[in-house]
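Put together the whole structure using the sequences plus the hints.
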Amino acid sequence: MKSLSEIDTTSKRASRAAGYSWGVAEEIGKNIRLLELFGLEGIKTLNQYYGVKNKEKFSNLNLIIENNISDKYPYCPIILGINFLDQIRTLEKFKKITFNKISFPLLLLPFLSRSSEIIGKKINIKFDKIEFLLNLNVNISSNLLDKNCPEIASNVEINIIENKDNFTEQDWKSLYKLSEETFVDETESLKQGAAGAGLTDND
Amino acid sequence: MNVDLRDPNIIMKLSRLGSFHQSKLSFLRSFLDEFKDWEYKRDLFSLDELGYGTAVYSFKKKDRIYSLVCFANKIDDEERSDRVIATKWDAAFTLHDGVPSKKDIERLRNEVPKQEVGRLSYKELTLSRANKSVRVFNHVVESLSNGHQPDLNLLEKVGYLYRTTAVYGSGKFGLADRFRIKNREEINGPFRLEMMLVYLVRQFTFDQVNHVSKSKNPKTAVELDPKICKKLGIGNSTGLGMAPFIVNHPTLLNNWIMSREIALKKIREIKKINSNEIQVFKDSLRKSIKNITSWNSESEYQKKKINSLLEDVQKFLKFIETKFNFEIDYPFNEIYLWIEEKTCDECIEYIASMMLEPFDYIVKPLVNQMSSEEDKYFTIPTDRNVEDLRNIIEKRYPDILKINFTKKENNKNFWFISKNKEEPRYADRFEETGSNLEQPLAIARDIKKLHSQLMVSKNSLTIDKFLAQNNDLRHVVRRAFIIEKFPYSEIQDNTIGKNVIPIDMLRLKLSFFGALKFDPRSDKWLRICMFQGAPLPNELKNFDQQWIYNS
Numbered sequence: 001m002k003s004l005s006e007i008d009t010t011s012k013r014a015s016r017a018a019g020y021s022w023g024v025a026e027e028i029g030k031n032i033r034l035l036e037l038f039g040l041e042g043i044k045t046l047n048q049y050y051g052v053k054n055k056e057k058f059s060n061l062n063l064i065i066e067n068n069i070s071d072k073y074p075y076c077p078i079i080l081g082i083n084f085l086d087q088i089r090t091l092e093k094f095k096k097i098t099f100n101k102i103s104f105p106l107l108l109l110p111f112l113s114r115s116s117e118i119i120g121k122k123i124n125i126k127f128d129k130i131e132f133l134l135n136l137n138v139n140i141s142s143n144l145l146d147k148n149c150p151e152i153a154s155n156v157e158i159n160i161i162e163n164k165d166n167f168t169e170q171d172w173k174s175l176y177k178l179s180e181e182t183f184v185d186e187t188e189s190l191k192q193g194a195a196g197a198g199l200t201d202n203d
Numbered sequence: 001m002n003v004d005l006r007d008p009n010i011i012m013k014l015s016r017l018g019s020f021h022q023s024k025l026s027f028l029r030s031f032l033d034e035f036k037d038w039e040y041k042r043d044l045f046s047l048d049e050l051g052y053g054t055a056v057y058s059f060k061k062k063d064r065i066y067s068l069v070c071f072a073n074k075i076d077d078e079e080r081s082d083r084v085i086a087t088k089w090d091a092a093f094t095l096h097d098g099v100p101s102k103k104d105i106e107r108l109r110n111e112v113p114k115q116e117v118g119r120l121s122y123k124e125l126t127l128s129r130a131n132k133s134v135r136v137f138n139h140v141v142e143s144l145s146n147g148h149q150p151d152l153n154l155l156e157k158v159g160y161l162y163r164t165t166a167v168y169g170s171g172k173f174g175l176a177d178r179f180r181i182k183n184r185e186e187i188n189g190p191f192r193l194e195m196m197l198v199y200l201v202r203q204f205t206f207d208q209v210n211h212v213s214k215s216k217n218p219k220t221a222v223e224l225d226p227k228i229c230k231k232l233g234i235g236n237s238t239g240l241g242m243a244p245f246i247v248n249h250p251t252l253l254n255n256w257i258m259s260r261e262i263a264l265k266k267i268r269e270i271k272k273i274n275s276n277e278i279q280v281f282k283d284s285l286r287k288s289i290k291n292i293t294s295w296n297s298e299s300e301y302q303k304k305k306i307n308s309l310l311e312d313v314q315k316f317l318k319f320i321e322t323k324f325n326f327e328i329d330y331p332f333n334e335i336y337l338w339i340e341e342k343t344c345d346e347c348i349e350y351i352a353s354m355m356l357e358p359f360d361y362i363v364k365p366l367v368n369q370m371s372s373e374e375d376k377y378f379t380i381p382t383d384r385n386v387e388d389l390r391n392i393i394e395k396r397y398p399d400i401l402k403i404n405f406t407k408k409e410n411n412k413n414f415w416f417i418s419k420n421k422e423e424p425r426y427a428d429r430f431e432e433t434g435s436n437l438e439q440p441l442a443i444a445r446d447i448k449k450l451h452s453q454l455m456v457s458k459n460s461l462t463i464d465k466f467l468a469q470n471n472d473l474r475h476v477v478r479r480a481f482i483i484e485k486f487p488y489s490e491i492q493d494n495t496i497g498k499n500v501i502p503i504d505m506l507r508l509k510l511s512f513f514g515a516l517k518f519d520p521r522s523d524k525w526l527r528i529c530m531f532q533g534a535p536l537p538n539e540l541k542n543f544d545q546q547w548i549y550n551s
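If you read the sequences in order, they're chains X and Y. Residue 1 is where the first sequence starts when you use this note's numbering, and the numbers rise one by one after that. Residue 1 is where the second sequence starts when you use this note's numbering, and the numbers rise one by one after that.
Just so you know, the hints here were simulated from the structure itself, not pulled from any lab data. Watch out, some of these pointers could steer you wrong.
To be verified - Pair by pair, the computed Cβ-Cβ distance ranges are:
{"no.": "1", "chain 1": "Y", "residue 1": "60", "chain 2": "X", "residue 2": "186", "range": "48 to 56 Å"}
{"no.": "2", "chain 1": "Y", "residue 1": "401", "chain 2": "X", "residue 2": "96", "range": "41 to 49 Å"}
{"no.": "3", "chain 1": "Y", "residue 1": "300", "chain 2": "X", "residue 2": "120", "range": "56 to 64 Å"}
{"no.": "4", "chain 1": "X", "residue 1": "89", "chain 2": "Y", "residue 2": "122", "range": "34 to 42 Å"}
{"no.": "5", "chain 1": "Y", "residue 1": "184", "chain 2": "X", "residue 2": "179", "range": "31 to 39 Å"}
{"no.": "6", "chain 1": "Y", "residue 1": "435", "chain 2": "X", "residue 2": "10", "range": "18 to 26 Å"}
{"no.": "7", "chain 1": "Y", "residue 1": "114", "chain 2": "X", "residue 2": "10", "range": "17 to 25 Å"}
{"no.": "8", "chain 1": "X", "residue 1": "173", "chain 2": "Y", "residue 2": "184", "range": "37 to 45 Å"}
{"no.": "9", "chain 1": "X", "residue 1": "179", "chain 2": "Y", "residue 2": "122", "range": "35 to 43 Å"}
{"no.": "10", "chain 1": "Y", "residue 1": "319", "chain 2": "X", "residue 2": "120", "range": "53 to 61 Å"}
{"no.": "11", "chain 1": "Y", "residue 1": "373", "chain 2": "X", "residue 2": "10", "range": "16 to 24 Å"}
{"no.": "12", "chain 1": "X", "residue 1": "154", "chain 2": "Y", "residue 2": "62", "range": "53 to 61 Å"}
Just so you know, even glycine gets a beta-carbon here, dropped at the ideal spot from N, CA and C.
Structure below.
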């Protein structure tokens, strides 16, 4: 088994060899490590991308806007990801950002995961009936179990999810009520003697 | 009184870093302190009469066990090389997490002797190999087997029976990643497990030499006197592999240096020193003279440094014994100001380290601050702007900005990774090929380039937009934001200039390991000694904290 440290170093060096600057290569090393840690196919996908990178054309998107359309080629997931990460504080205000086509979208996920940590909000990405939830860089959940992530994602939608409860008020009240069964009903004597502070603060 | 931390722009110069010495913060000393109440055991010792075979040593406390698995093999004299390009060694070692099963030992027997081309698992924590100092080892065997102790002069000159040529950890060759074990309290200090490996290897070398001597002549053989064992350490040959480490781990480097600087500052701020503290300082200093007089090197460069160190330490000793009054207020501040004015860099750093000796209450809490979560500081704060970044660079890299990199002499060398051994190397860019594959270790040059680019960018431009056009400078943008928070994270020198002595970078790291007797063999590799004078495993429960000055 390869250690995460080996995965990081080799991905970084390979990315430099593939033509990225050292600073970008460092980001890719960390990202592939993250994907593999979360059980996603980082090494395999990076290999696939570098296998076609010089044969096919990809569009580099530097400044991300709300709706991004590349007329000819799919977006390079690395350059898009780097800029998404760097611009996340600006992008946060859009709530929903779209891209018409992104190549090797799995490689974009760690950038979104790290962006989610920076803004303290979950990020959801949807394309072709596939969804990933990037949860503050703590984990990545998906409906893609046991299936390969496609090489091209079309009509990609990225949603920045406002912090809100994942349950109804009714669910909360019901659980809270149950939790109250660990509390002790205070008798008059307990009210007088069990608390540290006095009953009046007006003295 | 408030004493300022020393200026990184002075302390982080290569010539100063190359004059650093071990101290109470050094990793091998803090390792012994941490593991002194662990149960030590030799679990297996299955060597043939020539000393080849397998041995296992362990440290245990409650449910936690670390086991050193040793494989001693026969190699021919011509196969023995200290260089990293070697493929066979007298002995190979791994530190296993827990008790190795028979199946583990069989697996490790196939992999550990292969070192870099073997594969380890997440159950192994560190990996190393070592070669005998054949001259010393054979002499000791000859002497012991004939019933007498070896020649102390020879032993003192060399200082060890074996020297390691690499110690690997943190995920190399399949070893456990640091994140798997980082929350264990006992290893809350850098390189703890590497130090454990080296310490246990030292004991193996004594056991092996005794075993071979006895096998050679069972009737007359005697064991190596434990007092002599104590005077022996483990040698180490170190090449350029260590140099990139300190550039690639800026927050870790900061935390090492910062801990030492904080200790020094706090000691200088002590108003009154008690008699016991004065005694510990003076005793350590007096005893340490032997460490200098027994420090041998063929290197003219090092010989000069040792001579000025000895001269200055003797001058200082005379000063504190005849003129200095420890009863004055802030005596260590006065001492520091005196050495800074009157002695060489080697001596300043020597005495600075020595000043830590009496002050456990200051030093011990700092030991736990010497690790680092590098990833925490990896993400670039892209909402900051060009003006912020330029200000940081001008404040933190003042001398580097003065270097003219269009001059050939300032841009002479490049760092690269050798394809043959995947090890860092250093070469002249104007005479050798390969500079197009240069590693990102020319930080000074790239910081200067970044600064020039910032000078022609709008102050209010945010870093995300700056990077969209300048991603080739991303690695140094990251570093500049790191140094803003971690002032000792960067070498304040040009690491590719004509006058660079790469072993200065190795010396810095090795001094934090606790190495003694730096012996440069060229400007690119050196030999050192570790654990010389250290207590033996059966003495760990109660040992002299200043043991390092008895070596």
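Here is what the structure says about each hint:
no., hint, result
1, Y:60 with X:186: 48 to 56 Å, "50 Å, holds"
2, Y:401 with X:96: 41 to 49 Å, "44 Å, holds"
3, Y:300 with X:120: 56 to 64 Å, "59 Å, holds"
4, X:89 with Y:122: 34 to 42 Å, "37 Å, holds"
5, Y:184 with X:179: 31 to 39 Å, "34 Å, holds"
6, Y:435 with X:10: 18 to 26 Å, "22 Å, holds"
7, Y:114 with X:10: 17 to 25 Å, "19 Å, holds"
8, X:173 with Y:184: 37 to 45 Å, "42 Å, holds"
9, X:179 with Y:122: 35 to 43 Å, "39 Å, holds"
10, Y:319 with X:120: 53 to 61 Å, "58 Å, holds"
11, Y:373 with X:10: 16 to 24 Å, "22 Å, holds"
12, X:154 with Y:62: 53 to 61 Å, "57 Å, holds"
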